[in-house]
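Asker: Listed below are the residues making up each chain.
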Amino acid sequence: MSRKFLETESPAWVTEGLITEAQRERLLARYPSDAVQAVGLLPLLGSILVGLSALSVVAANWQRLPTQLRLGLLLGSLVAAYAGGEYFLRRGNRRVGHGLIGLGLVVFGASIILTSQLYQLVGYDISGLLAWVVVGVLLSYLYTSQSLVLLPILIGAAVQTYCTQALGIFSYTIMALVALGSGYRWWRRPDTLVASVLAVGLLWQAALWVALSHSKITWFFIPAMLVYAAGDWHRDRPAARALQGPPLVAAYLFALGLALFGETDQYAGLLRPPVLAYLGALAAVFALSVAGKRQQGRLASLPDWLLLLPGFYLPGGLPLAIATLMVLYAHAGSVLARAHRSGEAEQLTLGTVLFVIATMVAYFKLTWAFLDKSLFFLIGGVLLLSLSWYLRRRNAQRLAAGVASVASPGSAAASPPSPPKPLA
Amino acid sequence: MPTRHTPSHRLLLRLLVAAQVLYVLGVAGAGYATTAYGQHIALATTPVDLHGLQYESFVRLHYTAAEAPLTAWRGPAPPQRRQAVYVLLTTAPDSLASVAGVYAQELKPAAGQAVLRGWVTDVYAHTLGLRYNLERYYVPGDSPLRLGKTGPPLRVQVSIAPWGQARIESVRLLRPTAAR
Numbered sequence: 001m002s003r004k005f006l007e008t009e010s011p012a013w014v015t016e017g018l019i020t021e022a023q024r025e026r027l028l029a030r031y032p033s034d035a036v037q038a039v040g041l042l043p044l045l046g047s048i049l050v051g052l053s054a055l056s057v058v059a060a061n062w063q064r065l066p067t068q069l070r071l072g073l074l075l076g077s078l079v080a081a082y083a084g085g086e087y088f089l090r091r092g093n094r095r096v097g098h099g100l101i102g103l104g105l106v107v108f109g110a111s112i113i114l115t116s117q118l119y120q121l122v123g124y125d126i127s128g129l130l131a132w133v134v135v136g137v138l139l140s141y142l143y144t145s146q147s148l149v150l151l152p153i154l155i156g157a158a159v160q161t162y163c164t165q166a167l168g169i170f171s172y173t174i175m176a177l178v179a180l181g182s183g184y185r186w187w188r189r190p191d192t193l194v195a196s197v198l199a200v201g202l203l204w205q206a207a208l209w210v211a212l213s214h215s216k217i218t219w220f221f222i223p224a225m226l227v228y229a230a231g232d233w234h235r236d237r238p239a240a241r242a243l244q245g246p247p248l249v250a251a252y253l254f255a256l257g258l259a260l261f262g263e264t265d266q267y268a269g270l271l272r273p274p275v276l277a278y279l280g281a282l283a284a285v286f287a288l289s290v291a292g293k294r295q296q297g298r299l300a301s302l303p304d305w306l307l308l309l310p311g312f313y314l315p316g317g318l319p320l321a322i323a324t325l326m327v328l329y330a331h332a333g334s335v336l337a338r339a340h341r342s343g344e345a346e347q348l349t350l351g352t353v354l355f356v357i358a359t360m361v362a363y364f365k366l367t368w369a370f371l372d373k374s375l376f377f378l379i380g381g382v383l384l385l386s387l388s389w390y391l392r393r394r395n396a397q398r399l400a401a402g403v404a405s406v407a408s409p410g411s412a413a414a415s416p417p418s419p420p421k422p423l424a
Numbered sequence: 001m002p003t004r005h006t007p008s009h010r011l012l013l014r015l016l017v018a019a020q021v022l023y024v025l026g027v028a029g030a031g032y033a034t035t036a037y038g039q040h041i042a043l044a045t046t047p048v049d050l051h052g053l054q055y056e057s058f059v060r061l062h063y064t065a066a067e068a069p070l071t072a073w074r075g076p077a078p079p080q081r082r083q084a085v086y087v088l089l090t091t092a093p094d095s096l097a098s099v100a101g102v103y104a105q106e107l108k109p110a111a112g113q114a115v116l117r118g119w120v121t122d123v124y125a126h127t128l129g130l131r132y133n134l135e136r137y138y139v140p141g142d143s144p145l146r147l148g149k150t151g152p153p154l155r156v157q158v159s160i161a162p163w164g165q166a167r168i169e170s171v172r173l174l175r176p177t178a179a180r
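Chains as they are written, first to last, in full-length UniProt numbering: chain A, 1 to 424; chain B, 1 to 180.
Please keep in mind that the hints were generated in silico from the structure rather than gathered at the bench. Being a predicted model, the structure only gives us computed values, none of them experimental. Glycine included, every Cβ here is placed at the ideal spot set by N, Cα and C. Hints may be right or wrong, so weigh each one.
Stated by the list, open to error - Here are the simulated distance ranges between beta carbons: (1) PRO153(B) with ARG90(A): 38 to 44 Å; (2) ARG172(B) with VAL106(A): 44 to 50 Å; (3) SER56(A) with ALA92(B): 42 to 48 Å; (4) LEU25(B) with SER213(A): 32 to 38 Å; (5) ALA277(A) with PRO78(B): 22 to 28 Å; (6) GLY148(B) with LEU253(A): 25 to 31 Å; (7) SER47(A) with LEU25(B): 55 to 61 Å; (8) LEU25(B) with ALA60(A): 44 to 50 Å.
To be verified - Here are the computed lysine to any residue pairs in the SDA-like style, where the Cα-Cα straight-line distance is at most 25 Å: (9) LYS373(A) with GLN83(B); (10) LYS108(B) with LYS4(A); (11) LYS108(B) with GLY257(A); (12) LYS365(A) with LEU299(A); (13) LYS293(A) with SER196(A); (14) LYS365(A) with LYS293(A); (15) LYS216(A) with GLN83(B); (16) LYS216(A) with LYS293(A); (17) LYS216(A) with ASP122(B); (18) LYS373(A) with GLY257(A); (19) LYS108(B) with LYS365(A); (20) LYS293(A) with LEU375(A); (21) LYS373(A) with PRO78(B); (22) LYS108(B) with ARG175(B); (23) LYS4(A) with TRP119(B); (24) LYS216(A) with HIS40(B); (25) LYS4(A) with PRO32(A); (26) LYS365(A) with LEU375(A); (27) LYS108(B) with ARG392(A); (28) LYS108(B) with LYS293(A); (29) LYS365(A) with LEU354(A); (30) LYS216(A) with LYS108(B).
As the list claims (entries may be wrong) - To give a feel for the contact side, a few chain B residues facing chain A, derived at Cβ under 10 Å: (31) HIS9; (32) GLN20; (33) LEU50; (34) GLN54; (35) SER57; (36) ARG60; (37) TYR138; (38) PRO140.
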């Protein structure tokens with residue numbers, strides 16, 4: 001809660017008798033003014049500028065410096081960053097401490113790259129940069145810092161990108177290090193931001209693997225849904241949903257693409273991997289996901305898997321487009337139904353948006369060719385307006401009912417980010 | 001587990017930092033070792049564009065060995081873009097290496113031969129475009145290249161380590177008399 005919010009809102013609380021004046025002052029004292037913290041940033045900004053000037057002097061003269069001096073500079077800044085980080089951590093300044101430790105890790109990677117450059121040395125495998133990822137993962141276990149957990153995930157994605165693009169190999173070791181190393185770190189201390197970044201990082205690596213191996217792009221969804229299934233087994237619900245977000249978005253975009261372009265058999269032909277192998281692998285991941293959902297009591301989210309129905313095996317053309325549209329509608333409907341049952345405002349919005357998108361795609365597909373264009377836009381607009389009016393009315397009713405059942409009169413409905421408790 | 005400033009925690013961090021320092025020193029050592037124990041070959045380049053040196057610290061080398069006739073391809077399947085390959089070079093003391101064959105599989109070079117690893121960049125109708133990852137040459141501050149205005153062809157001394165690393169040892173003008 002921000003100080004400013006407290007200052008503007010709290011007098012009204014006192015007049016309404018929610019809190020006393022004394023309580024108001026205690027609340028204000030609890031959240032000190034931000035101005036003090038802003039002044040505290042000045043030394044940090046100053047030191048960043050000084051650091052940048054030193055960096056630019058070194059960078060401008062880098063090629064002219066003797067080899068040993070360059071190596072010494074790299075190693076010196078590496079040790080200095082870590083030592084500084086430990087120093088600030090011991091003094092209790094966690095933010096600067098973790099920042100410097102992260103800087104040390106970045107300097108380590110830069111040292112590997114610049115040292116190879118120093119000797120004009122090329123390697124033909126990834127062992128050089130693999131060490132960077134290993135150190136990153138190990139560091140993330142040594143500290144409770146979100147950024148130090150995020151760093152090896154990002155470094156892993158970057159190194160994997162370099163590997164596939166420059167060396168033409170995919171490193172399963174890096175994939176495993178990020179998935180198991182950073183993944184287990186997240187598993188022990190769940191966090192929604194880390195979950196999303198972890199999922200995006202792993203999906204990125206999976207996409208690189210598909211691109212490099214010239215596989216059918218549908219194979220991408222086997223690792224992607226493995227990430228999703230991992231979320232099913234985690235007890236922390238928000239973190240699990242954050243992990244499952246990126247794979248679901250990818251699956252949804254894929255289904256949407258299929259609905260829009262699936263009519264041409266040429267596109268659908270690009271998607272068809274060997275039936276038995278693909279369906280077998282998908283079924284295995286599905287079983288894993290269902291087992292996780294059952295164990296955590298989340299079978300209600302099973303319709304997520306609708307998006308993974310392998311409709312692209314259908315003959316291309318209208319059957320495929322219509323089947324995909326049905327799937328999109330069924331999925332949007334399932335999200336809406338789930339949201340209505342739990343009364344979560346965000347889920348309701350999401351379901352509404354998905355429903356509207358499915359309708360737009362269906363409308364576009366079925367009428368673009370037949371209708372006069374002005375009529376097409378007119379009917380489409382009217383359709384969307386009436387749909388939005390209807391869905392909004394339903395949502396408002398639903399949320400109002402939810403609020404009433406919690407029996408807390410007041411302005412709870414005005415704050416959608418804190419939804420009313422689900423009905424038991 | 002994490003962030004207890006216990007002695008063991010500090011020890012772990014110190015070990016980790018020491019390992020990183022040793023690792024970077026190891027990379028540097030690999031540079032020296034490649035020169036000391038590697039096989040030395042000389043590659044010729046086409047004329048080099050030196051204008052980039054005003055903005056960047058490296059020049060882009062284009063080796064004559066970066067192009068090989070398609071008849072030099074030795075592989076079970078036709079070459080593909082981005083495929084990793086082993087380029088067999090014939091060498092002789094004091095002469096430039098030339099491509100004898102491009103292999104999809106690793107092979108042992110005979111006497112007077114060397115194997116440099118590379119990647120297929122393009123497959124044309126009659127030729128193969130190759131890349132060796134040695135194309136960027138970071139020009140040292142005291143190099144005569146920094147003084148030259150014209151772009152001469154260069155002779156690049158490369159050493160190939162038996163454990164599969166390679167480095168540019170030195171770069172000289174291909175025809176010292178014809179320069180400038």
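Asker: Does each hint hold? Answer for all of them.
Answerer: Here is how each hint holds up against the structure:
no.: 1; hint: PRO153(B) with ARG90(A): 38 to 44 Å; in the structure: violated (58 Å)
no.: 2; hint: ARG172(B) with VAL106(A): 44 to 50 Å; in the structure: violated (36 Å)
no.: 3; hint: SER56(A) with ALA92(B): 42 to 48 Å; in the structure: holds (47 Å)
no.: 4; hint: LEU25(B) with SER213(A): 32 to 38 Å; in the structure: holds (36 Å)
no.: 5; hint: ALA277(A) with PRO78(B): 22 to 28 Å; in the structure: holds (26 Å)
no.: 6; hint: GLY148(B) with LEU253(A): 25 to 31 Å; in the structure: violated (53 Å)
no.: 7; hint: SER47(A) with LEU25(B): 55 to 61 Å; in the structure: violated (29 Å)
no.: 8; hint: LEU25(B) with ALA60(A): 44 to 50 Å; in the structure: violated (26 Å)
no.: 9; hint: LYS373(A) with GLN83(B); in the structure: violated (49 Å)
no.: 10; hint: LYS108(B) with LYS4(A); in the structure: violated (73 Å)
no.: 11; hint: LYS108(B) with GLY257(A); in the structure: violated (49 Å)
no.: 12; hint: LYS365(A) with LEU299(A); in the structure: violated (33 Å)
no.: 13; hint: LYS293(A) with SER196(A); in the structure: holds (19 Å)
no.: 14; hint: LYS365(A) with LYS293(A); in the structure: violated (35 Å)
no.: 15; hint: LYS216(A) with GLN83(B); in the structure: holds (19 Å)
no.: 16; hint: LYS216(A) with LYS293(A); in the structure: violated (29 Å)
no.: 17; hint: LYS216(A) with ASP122(B); in the structure: holds (23 Å)
no.: 18; hint: LYS373(A) with GLY257(A); in the structure: holds (23 Å)
no.: 19; hint: LYS108(B) with LYS365(A); in the structure: violated (60 Å)
no.: 20; hint: LYS293(A) with LEU375(A); in the structure: violated (46 Å)
no.: 21; hint: LYS373(A) with PRO78(B); in the structure: violated (50 Å)
no.: 22; hint: LYS108(B) with ARG175(B); in the structure: violated (32 Å)
no.: 23; hint: LYS4(A) with TRP119(B); in the structure: violated (60 Å)
no.: 24; hint: LYS216(A) with HIS40(B); in the structure: violated (43 Å)
no.: 25; hint: LYS4(A) with PRO32(A); in the structure: holds (10 Å)
no.: 26; hint: LYS365(A) with LEU375(A); in the structure: holds (15 Å)
no.: 27; hint: LYS108(B) with ARG392(A); in the structure: violated (73 Å)
no.: 28; hint: LYS108(B) with LYS293(A); in the structure: violated (55 Å)
no.: 29; hint: LYS365(A) with LEU354(A); in the structure: holds (16 Å)
no.: 30; hint: LYS216(A) with LYS108(B); in the structure: violated (36 Å)
no.: 31; hint: HIS9; in the structure: holds (7 Å)
no.: 32; hint: GLN20; in the structure: holds (5 Å)
no.: 33; hint: LEU50; in the structure: violated (14 Å)
no.: 34; hint: GLN54; in the structure: violated (13 Å)
no.: 35; hint: SER57; in the structure: holds (5 Å)
no.: 36; hint: ARG60; in the structure: violated (14 Å)
no.: 37; hint: TYR138; in the structure: holds (6 Å)
no.: 38; hint: PRO140; in the structure: holds (6 Å)
In summary, the numbered hints that this structure violates are 1, 2, 6, 7, 8, 9, 10, 11, 12, 14, 16, 19, 20, 21, 22, 23, 24, 27, 28, 30, 33, 34 and 36.
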